[in-house]
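Residue strings, one per chain:
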Amino acid sequence: MTTTVLIVDDNRAFRALARMVLEAGGIEVVGEAGDAASGLDAARRLHPQVVLLDVRLPDADGLSIAAQFGDDETRPAVVAISTQDPRSLERRIGQSAVRGFIPKAELSVPRLLAVVGAAP
Amino acid sequence: MSRLRNLGILAAAIAAAAVAGALSSTASADRPLPAAIALHIAAGLLFVVVGLVIWTRTPGNRVGPLAIAIGFATFIDDLRFLPYSAAFTVADYFGPLQYALLAHLAVAFPGGRLRSRWDRRLVEGVYGWVLLSNLFPEVFWASALPAGPHNLLALHRDAHLHTIVGNVHQVLNVLVALLVIGTVWRHWTLASRPSRRAMAPVAWASGPVAVAIAASNSLGLVDPFGNLKAGTEYLTPAALIILPSAVLIGMLRTSLRHSAVGQLVVELRQAPSPARLRDTLAQTLRDPTLQLAYWVPQEGAYIGTDGRPVDLATVGPNVSTTLIERDDQRIAALLHESSLDEDPWLIDAVAAAAGLALDNERLHAELVAQLAEVRASRARIVEATDAARRRLERDLHDGAQQRLVGLALAVQMARDKLGATPEAQVREILDAAADQVVHALAELRELASGIHPAILTEAGLGPALESLAERAPLPVSVTVSVDGAPAPVEAAAYFLVCEALANVSKHANARSVSVCARREDACLVVEIIDDGVGGADASQGTGLRGMADRLAALDGRVSVVSPEGQGTHISARIPCALS
Numbered sequence: 010m011t012t013t014v015l016i017v018d019d020n021r022a023f024r025a026l027a028r029m030v031l032e033a034g035g036i037e038v039v040g041e042a043g044d045a046a047s048g049l050d051a052a053r054r055l056h057p058q059v060v061l062l063d064v065r066l067p068d069a070d071g072l073s074i075a076a077q078f079g080d081d082e083t084r085p086a087v088v089a090i091s092t093q094d095p096r097s098l099e100r101r102i103g104q105s106a107v108r109g110f111i112p113k114a115e116l117s118v119p120r121l122l123a124v125v126g127a128a129p
Numbered sequence: 163m164s165r166l167r168n169l170g171i172l173a174a175a176i177a178a179a180a181v182a183g184a185l186s187s188t189a190s191a192d193r194p195l196p197a198a199i200a201l202h203i204a205a206g207l208l209f210v211v212v213g214l215v216i217w218t219r220t221p222g223n224r225v226g227p228l229a230i231a232i233g234f235a236t237f238i239d240d241l242r243f244l245p246y247s248a249a250f251t252v253a254d255y256f257g258p259l260q261y262a263l264l265a266h267l268a269v270a271f272p273g274g275r276l277r278s279r280w281d282r283r284l285v286e287g288v289y290g291w292v293l294l295s296n297l298f299p300e301v302f303w304a305s306a307l308p309a310g311p312h313n314l315l316a317l318h319r320d321a322h323l324h325t326i327v328g329n330v331h332q333v334l335n336v337l338v339a340l341l342v343i344g345t346v347w348r349h350w351t352l353a354s355r356p357s358r359r360a361m362a363p364v365a366w367a368s369g370p371v372a373v374a375i376a377a378s379n380s381l382g383l384v385d386p387f388g389n390l391k392a393g394t395e396y397l398t399p400a401a402l403i404i405l406p407s408a409v410l411i412g413m414l415r416t417s418l419r420h421s422a423v424g425q426l427v428v429e430l431r432q433a434p435s436p437a438r439l440r441d442t443l444a445q446t447l448r449d450p451t452l453q454l455a456y457w458v459p460q461e462g463a464y465i466g467t468d469g470r471p472v473d474l475a476t477v478g479p480n481v482s483t484t485l486i487e488r489d490d491q492r493i494a495a496l497l498h499e500s501s502l503d504e505d506p507w508l509i510d511a512v513a514a515a516a517g518l519a520l521d522n523e524r525l526h527a528e529l530v531a532q533l534a535e536v537r538a539s540r541a542r543i544v545e546a547t548d549a550a551r552r553r554l555e556r557d558l559h560d561g562a563q564q565r566l567v568g569l570a571l572a573v574q575m576a577r578d579k580l581g582a583t584p585e586a587q588v589r590e591i592l593d594a595a596a597d598q599v600v601h602a603l604a605e606l607r608e609l610a611s612g613i614h615p616a617i618l619t620e621a622g623l624g625p626a627l628e629s630l631a632e633r634a635p636l637p638v639s640v641t642v643s644v645d646g647a648p649a650p651v652e653a654a655a656y657f658l659v660c661e662a663l664a665n666v667s668k669h670a671n672a673r674s675v676s677v678c679a680r681r682e683d684a685c686l687v688v689e690i691i692d693d694g695v696g697g698a699d700a701s702q703g704t705g706l707r708g709m710a711d712r713l714a715a716l717d718g719r720v721s722v723v724s725p726e727g728q729g730t731h732i733s734a735r736i737p738c739a740l741s
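Residue numbers (the working numbering), protein chains in the order written: chain A, 10 to 129; chain B, 163 to 741.
Read the hints as simulated data drawn from the structure, not as lab findings.
Derived, one-sided and incomplete: chain B residues facing chain A with beta-carbon distance under 8 Å:
{"hint": "1", "residue": "Q564"}
{"hint": "2", "residue": "L566"}
{"hint": "3", "residue": "L571"}
{"hint": "4", "residue": "A572"}
{"hint": "5", "residue": "V599"}
{"hint": "6", "residue": "L603"}
{"hint": "7", "residue": "S611"}
{"hint": "8", "residue": "E620"}
{"hint": "9", "residue": "A621"}
{"hint": "10", "residue": "S629"}
{"hint": "11", "residue": "E632"}
Every residue, glycine too, gets a C-beta built ideally from N, C-alpha and C.
Based on the provided sequences and hints, a complete structural model is requested.
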């Protein structure tokens with residue numbers, strides 16, 4: 010079964026490239042969203058297995074809304090993505106509900122699967 | 163100087179009194195009684211002493227010199243006892259001068275100045291009258307004694323004519339006296355309450371003096387044979403002796419009020435509010451109707467303490483205006499009862515004191531306004547700089563960084579697509595390109611973060627400081643118990659910690675650092691403590707200096723304690739309540 014992914018990022022060009030990267034690796038991108046509100050809304054409708062969540066969204070801080078994805082039955086693996094220095098985010102990522110972190114420039118299918126790991 | 167002068171005057175007065183006393187001891191039965199002469203001399207001396215006291219206390223007031231002159235004038239009378247005709251003539255002719263001086267004093271009291279044209283004319287007239295009118299009876303009169311000194315002015319001795327001219331002279335004297343009394347009465351009715359306080363004792367004392375002088379003067383009319391003369395001899399000197407005391411009491415009552423001006427100056431030391439200043443001035447001048455109007459240059463008008471413009475050209479009747487100016491600059495105006503103009507010394511002193519206070523207040527207000535302006539502009543500069551940094555960082559993040567991310571992903575994909583195909587050279591090139599992009603991204607990230615830490619805007623000071631701690635090359639413990647400080651305050655705190663941590667890792671050779679941010683009162687307090695070598699100097703190096711300037715722009719303070727070998731303790735306080 011292919012992994013389904015929702016991309017939440019405010020940069021349209023990145024979303025398009027990320028979709029290309031993921032789909033080239035056999036992952037199904039089920040949706041895209043440009044901000045936190047529409048991202049949460051899309052997640053409720055589409056039930057993706059993985060949410061690629063930008064840390065810096067126009068309407069919210071990605072790390073602090075990570076816990077709001079999913080409900081009691083299905084809970085996607087939220088993976089934070091950012092252009093920021095991962096070292097400066099480490100502690101906050103540890104305290105948040107995200108599964109892991111991938112620098113945007115290093116996004117690849119193997120990297121994503123490694124972070125998601127033994128998917129729930 | 164004035165002490166020497168006073169001593170000289172006093173010595174002269176005592177000498178004159180002694181001479182007069184000695185002369186009187188030779189008095190014969192026909193001459194005035196010794197006791198009456200003693201009273202007369204005492205009155206003269208008392209006038210001189212009182213005059214000296216007043217002159218010393220209020221050097222600008224002519225009441226003092228006038229009283230001294232009256233004292234000496236009373237001694238002129240006693241020259242008649244010298245066995246010389248010249249002395250007798252001088253005594254007889256100039257003796258009445260004391261009454262002219264008394265009239266002068268009465269009209270000028272208590273300010274010492276003749277304020278109106280009428281007053282000046284009257285006093286000039288009285289002097290003229292006393293000196294000229296005395297000539298006529300003198301011409302016909304030789305002396306009370308057949309032998310001894312006689313009147314040198316007696317050109318035509320005629321007892322009958324002398325009596326007639328003398329009586330007319332006396333009647334006219336009474337008329338002149340009535341004019342003086344009327345003028346003083348008019349002064350009284352127009353006088354302000356404080357002036358009346360000074361005039362009252364003199365007015366009360368003048369009654370008996372006027373009666374006594376009138377009685378002894380009119381004696382010739384009702385008692386041609388001199389039967390009552392002995393009794394009235396006491397009257398004039400006895401009444402005269404009351405007068406200097408009354409003058410002194412009156413002047414002391416004035417100077418009590420003048421000392422209220424001293425009190426006013428003391429009170430004005432603590433810059434009072436406009437309303438309070440008005441009340442204090444009203445109290446000092448004892449004028450409850452007093453108005454204080456401030457000159458407001460922006461309005462080009464005087465504004466009252468109630469905030470309404472005051473037109474000085476249309477003040478009501480009985481209201482006078484005293485302008486308060488300093489260095490030719492208008493400061494304020496006092497609108498007060500016209501009657502206060504009678505005491506120009508008082509109103510000038512009060513205006514000067516008020517001017518001092520108002521000028522201080524004005525300078526203070528200007529300084530405060532300038533300071534506030536400088537502070538506001540510094541804060542605005544910092545805020546504008548912060549905003550520009552945020553914008554720049556945002557632009558980098560949304561623009562160049564995203565493009566590079568895209569480029570990295572594209573290169574990655576191209577590499578993946580190549581797979582295991584043999585174009586090894588192309589693969590190498592792509593690897594190199596990917597490496598370049600990764601480095602470019604990392605450098606851009608650092609640059610953007612140095613311009614403005616995005617995390618500060620997005621997550622606040624705590625996470626921002628923690629991210630700093632994580633990037634530091636040595637263990638940094640962070641304790642942040644503050645949230646929601648104004649953005650410029652958080653930015654200043656962030657950059658301070660940034661600079662401090664950079665210094666620690668460069669120079670301190672420390673094992674660990676603790677960073678603490680908390681709220682104290684209305685301030686954000688940031689402390690950075692390391693266990694390094696110490697010896698840091700805040701005045702050296704531009705980093706901390708720049709931080710101190712940035713903090714100062716927000717009215718914050720930074721202190722650096724760094725004893726050699728005992729680590730460095732940097733502590734900053736930044737007020738959170740920005741104006």
